[in-house]
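Working from the sequences, and respecting the hints, build out all of it.
Spelled out, the chains give:
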Amino acid sequence: MKEKEKLEVIEFEDEEALQPEKSTQTDSTLAAVIDRVLEKGLVINADITVSVADAELLGIKIRAALASFETAAKYGLQFPSGTNTETAAWKDAMVEKEECPNCGKKVETEQLLNKSCYWCGWQSAKAKALKKIEVR
Amino acid sequence: MPKLRPKSCQSHGVKQIVERVLDKGVVIDAKIRAYLDDFKLIELESIVVLASFETAAKIGLPFPEGLNFETKAWKELLTKETCPQCRKKVYEEELRLGCPWCGYELGG
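Heads up: the protein sequence lines correspond to chains G and C, in order. When you line the first sequence up against the working numbering, it's residues 1 to 136, in that order. When you line the second sequence up against the working numbering, it's residues 137 to 244, in that order.
Please note: incorrect hints may appear among the correct ones.
To be verified - Partial list, computed: chain G residues near chain C (C-beta under 10 Å):
(1) Thr29
(2) Ala32
(3) Gly41
(4) Val43
(5) Asn45
(6) Ala46
(7) Asp47
(8) Val50
(9) Asp54
(10) Ala67
(11) Glu96
(12) Glu99
(13) Leu112
(14) Ala129
(15) Ile133
Hints in this document: simulated from the structure, not taken from any laboratory. Computed from a prediction, not measured in an experiment: that's the story for all the values here. All residues carry an ideal CB built from backbone N, CA and C; glycine is no exception.
Structure, rendered in structure tokens:
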């Protein structure tokens, strides 16, 4: 009996140790904000004209998009000529990924939605439903 | 007993504010005129729009040239809805049957 109890405690501790901690403290730091903005992508459009004494002197038109490499690749933004898009990192970026709601790691959508997060073991509602059907 | 952890989504941090602002979009329409004795010296007209990709696509803002609109990400951006519970992007038909991420059901 005693041995069993001990075993249970160890199991629990192991489980705890395996849980990657979600960064709750750093949620609103500058790094997190930049991270999110770059992930979502930012569009900056501006038309500016400067006139001096009724004569239009200067006109500026800005069409800018700001995004992380991954987001830029996903949305098909143009890259400077000479960029080699055949590298492994590019192929990795093109695979559809989602953030695990539990641990915040990026996991392939297929895996995360239909099976489980391979970082923390979190399962989506769909995966649980699929498992139930399988058991039956 | 598992340790209780603070919920991150409850804090209205800078991240949430920035996200919300960009999702809504920001328009700055400003005209600045400098006069010197009724004589218009300098006039500055500016319209600046700031928005996230999603919002920009929805309201039809022009994107830089050379952008490929045929990618999967663009199509998903305009057809997917946000789950009210877990904020994940899901197709509307799927969401009606229950969110595949968190199991949230509409109206229930």
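Hints, one by one, checked against the model:
Given the 10 Å rule on beta carbons, the hint for G:Thr29 holds: about 8 Å separates it from the nearest Cβ of chain C. The beta carbon of G:Ala32 comes within 5 Å of a beta carbon in chain C, closer than 10 Å, and the hint placing it at the interface holds. A least Cβ separation of about 4 Å between G:Gly41 and chain C falls short of the 10 Å threshold, and the interface hint therefore holds. Look at G:Val43: its Cβ gets to within about 4 Å of chain C, closer than 10 Å, so that hint holds up.
With a cut of 10 Å, the hint placing G:Asn45 at the interface with chain C holds, because the nearest CB-to-CB distance is about 4 Å. Proximity of G:Ala46 to chain C holds as hinted, the smallest CB-CB distance being about 4 Å (cut-off 10 Å). The interface hint given for G:Asp47 is met, as the beta carbon of that residue sits about 5 Å from the closest beta carbon of chain C, less than 10 Å. Residue-level restraint check for G:Val50 holds (minimum Cβ-Cβ distance to chain C is 5 Å; threshold 10 Å).
Because the smallest distance between the Cβ of G:Asp54 and any Cβ of chain C comes to about 6 Å, under 10 Å, the interface hint for this residue holds. Of the supplied interface hints, the one on G:Ala67 holds, with its beta-carbon coming within about 7 Å of a beta-carbon of chain C, less than 10 Å. Among the interface hints, the one on G:Glu96 holds; its C-beta lies about 7 Å from the nearest C-beta in chain C, closer than the 10 Å criterion. Using the Cβ-Cβ criterion of 10 Å, the hint placing G:Glu99 at the interface with chain C is satisfied: the shortest such distance is roughly 9 Å.
Using the Cβ-Cβ criterion of 10 Å, the hint placing G:Leu112 at the interface with chain C is satisfied: the shortest such distance is roughly 9 Å. About 8 Å separates the beta-carbon of G:Ala129 from the nearest beta-carbon of chain C, less than 10 Å, and the hint is met. With its C-beta approaching chain C no nearer than about 14 Å, G:Ile133 sits outside the 10 Å limit, and its interface hint is violated.
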